[in-house]
Amino acid sequence: MANPSANPSNSPSVQLGWPLASTLTPQLRRRLNVGDLLFRGLTALFALVLIAIGGAIVAVLVYQSSESIQTFGWGFLVTSKWDPVFKEFGALPFIYGTIVSSFLALLQAVPLSIGTALFLSEMSPNWLRGPVSFLVELLATIPSVVYGLWGIFVLVPWVRTYVAPALSTTLGFLPFFQGPNYGVGMLTASIILAVMVIPYITSVAQEVFKAVPLPQREAALALGATKWEMVRLAVLPYGRTGLIGAIMLGLGRALGETMAVTMVIGNRADISLSLFAPGSTMASVIANEFSEATYELYVQALIEIGLVLLIVTVVVNICARLLVWSVAGPNAGTRGA
Amino acid sequence: MRYRRRRLINLAAQALAVVCTIAVLTPLLLIFGYLLTKGVTSLNFDFFTQLPKPVGETGGGMANAIVGTMVLIGLASALGLPVGVLTGVYLAEFGYGRFGWAVRFCADVLNGVPSIVIGIFAYTLIVLPTKTFSAYAGGFALAVIMLPIVARTTEEMLRLVPTSLREASLALGIPSWRTTVSVVLRTARGGIVTGIMLAVARIAGETAPLLFTAFGNQFWHHGLSGPISSLPVQIFTYAISPFDDWHRQAWAGALILLSLILLTSLSVRFLTRGRFGAVR
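These protein sequence lines are chains E and F, in that order.
Taking the working numbering, the leading residue of the first sequence gets 55, the next gets one more, and so forth.
Taking the working numbering, the leading residue of the second sequence gets 106, the next gets one more, and so forth.
No lab work stands behind these hints, which were simulated from the structure alone.
All C-beta atoms, glycine included, are put in the ideal place defined by N, C-alpha and C.
Heads up, a few of these hints could be off.
[Stated by the list, open to error] To list a few chain F residues with every Cβ distance to chain E over 12 Å, as calculated:
| no. | residue |
| --- | --- |
| 1 | 151 |
| 2 | 153 |
| 3 | 292 |
| 4 | 323 |
| 5 | 327 |
| 6 | 330 |
| 7 | 341 |
| 8 | 356 |
[Stated by the list, open to error] Cβ-to-Cβ under 10 Å is the rule here; a few derived chain E residues that face chain F:
| no. | residue |
| --- | --- |
| 9 | 101 |
| 10 | 141 |
| 11 | 192 |
| 12 | 202 |
| 13 | 232 |
| 14 | 313 |
| 15 | 360 |
| 16 | 364 |
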């Protein structure tokens with residue numbers, strides 16, 4: 055044991071007989087407080103728990119779907135027959151449904167979100183900015199199931215009587231707008247999805263615009279640019295990477311969105327070009343059939359769909375994070391998104 | 106001439122942005138409007154005190170679902186908050202290295218994992234071995250969802266604590282872990298509570314992960330190791346049913362659920378107004 059008088063700070067490391075204490079110089083000993091080490095270790099342990107959960111989710115899903123993976127192989131992803139009665143499982147209709155509904159949702163949500171974000175960051179008078187961005191964020195607090203409820207009883211009849219007939223009379227020559235129209239289907243699901251991802255894209259886009267340096271704007275204005283020209287020449291090009299990130303964050307949300315979609319998409323394992331036709335997404339088929347799956351392979355096939363969904367959303371999210379981080383720093387878009 | 110054209114385009118672009126904003130806010134107003142009109146007319150005293158009635162009988166309420174949601178939130182908080190807050194402390198205090206980067210990244214990715222996948226995770230981890238749907242499984246799933254949110258907001262809040270406060274404490278000879286616990290955490294207390302409430306508001310409306318973990322229950326739950334009903338799942342079941350009376354109750358349930366969530370997030374906003382700039 056070292057001489058206690060050599061350690062005027064009276065660090066607890068000496069009192070507790072920390073094994074390293076005797077081998078360290080007094081200066082180092084003062085820096086290595088046992089309480090600090092323990093505290094750091096404890097918090098690091100919990101941080102490790104978070105990483106472990108992330109890893110465990112992947113491991114559990116792979117393990118629980120191993121039988122299905124072995125039985126169907128890669129064909130699972132490109133087979134469109136989903137027939138639990140004859141034990142035939144192919145995930146293509148759900149992959150198709152997920153991609154199409156998310157793509158359509160982004161098609162509607164992206165222009166609206168960017169327009170709103172531009173309004174909020176570049177044009178809005180100061181007194182209006184707070185209330186409006188608060189209202190946009192309120193959209194993100196509405197639970198998915200409430201969107202679904204509203205979708206079933208308000209949006210579905212509305213699409214059935216107004217939107218779909220209007221589309222088929224004006225754009226009916228396209229295969230997307232032909233066929234019977236039930237109200238429930240891909241189109242309705244994509245509208246609900248669009249409303250749900252708008253707040254996420256808007257809030258990240260706003261942060262991206264905020265990250266554009268002020269001199270950049272001032273330079274454009276000094277050259278005599280109008281406000282729109284300033285946005286087009288200075289703001290949008292600077293924020294392009296971040297905007298793509300924001301859109302991908304929205305895509306990640308749309309891909310995994312479950313309840314609202316399940317309630318309005320019609321839930322049929324078909325692939326149809328028509329947007330009026332009922333469909334199904336990866337998330338919605340799990341929500342619908344998981345608790346009714348009666349035998350092992352059925353459950354495994356559903357878990358494998360979950361695994362595919364997980365991989366896709368994780369890849370999309372990683373790309374999105376890297377893009378957003380590179381523009382607005384690692385703390386952008388953590389809240390809400 | 107050219108100038109006039111440019112000004113017109115400028116005007117048109119600005120008008121377009123305003124139109125976008127209005128188009129974004131319209132669904133919000135529509136949803137709130139319908140919830141209020143349909144929900145309020147469907148609310149009555151029974152809704153808060155009665156159990157659901159069997160199919161075909163009108164009346165009844167969602168008392169068990171309201172309590173169930175509270176129980177699930179409590180369970181999720183008990184599991185998720187300690188891990189989340191301490192992870193946040195690690196990120197803010199020691200998270201400058203590669204491991205910190207990995208944790209931060211993992212938290213953000215975990216935040217983007219679809220909640221239904223987390224439901225499957227909880228199902229295989231808890232429901233399969235115990236062979237029963239349970240409140241524990243539902244609470245665990247919700248805890249996993251709230252974990253990354255709490256971790257990241259805690260980190261942000263701790264970062265807002267001025268360095269001079271830490272330095273003052275360290276200058277008094279207080280070890281840095283005591284500084285973190287007694288000075289930094291105490292100062293950021295309000296902000297951390299804010300993050301927690303935001304996370305609670307988020308999980309309160311989660312439905313997908315509860316479908317096959319907590320499952321649902323038409324009666325009062327018996328203990329935590331059995332199925333338990335919750336407001337979101339009850340709303341879902343009632344909404345897709347063919348019965349008018351159940352639809353009515355679904356609207357009432359949705360109004361109550363949204364009120365709970367809004368109350369939580371609005372009070373956060375009100376309490377922290379101006380104090381924590383990062384909190385919106």
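Chain E versus residue 356(F) - minimum CB to CB distance exceeding 12 Å, so not interface: violated, 7 Å
Reported absence of residue 330(F) from the contact zone with chain E (all CB gaps over 12 Å): holds, 18 Å
Can you verify the interface hint for residue 364(E): is its Cβ closer than 10 Å to any Cβ in chain F? holds, 5 Å
Under 10 Å, Cβ to Cβ, is where residue 313(E) needs to be relative to chain F, so tell me if that hint holds or is violated. This hint holds: residue 313(E) lies near chain F, its Cβ roughly 5 Å from the closest one there, short of 10 Å.
Against chain F, run the beta carbon of residue 360(E) and see if the smallest gap drops under 10 Å. Residue 360(E) check passes; min Cβ-Cβ to chain F is 5 Å, inside 10 Å.
Given hint residue 202(E) near chain F, where the shortest CB pair must fall under 10 Å: Status holds, d = 7 Å.
Given hint residue 192(E) near chain F, where the shortest CB pair must fall under 10 Å: holds, 6 Å
Hinted contact residue 232(E) with chain F - closest CB pair below 10 Å: violated, 27 Å
Reported absence of residue 327(F) from the contact zone with chain E (all CB gaps over 12 Å): holds, 20 Å
Exclusion check [residue 323(F) not at the chain E interface, CB over 12 Å]: The claim holds: residue 323(F) sits with its nearest Cβ about 15 Å from chain E, beyond 12 Å.
A cut-off of 12 Å on Cβ-Cβ distance, and residue 292(F) was said to be off the interface with chain E. Does that hold? About 17 Å separates residue 292(F) from the closest Cβ of chain E, which puts it past 12 Å; holds.
Is it correct that the beta-carbon of residue 151(F) has no partner in chain E closer than or equal to 12 Å? holds, 20 Å
Of the numbered hints stated above, those contradicted by the structure are hints 7, 8, 10 and 13, listed in ascending order.
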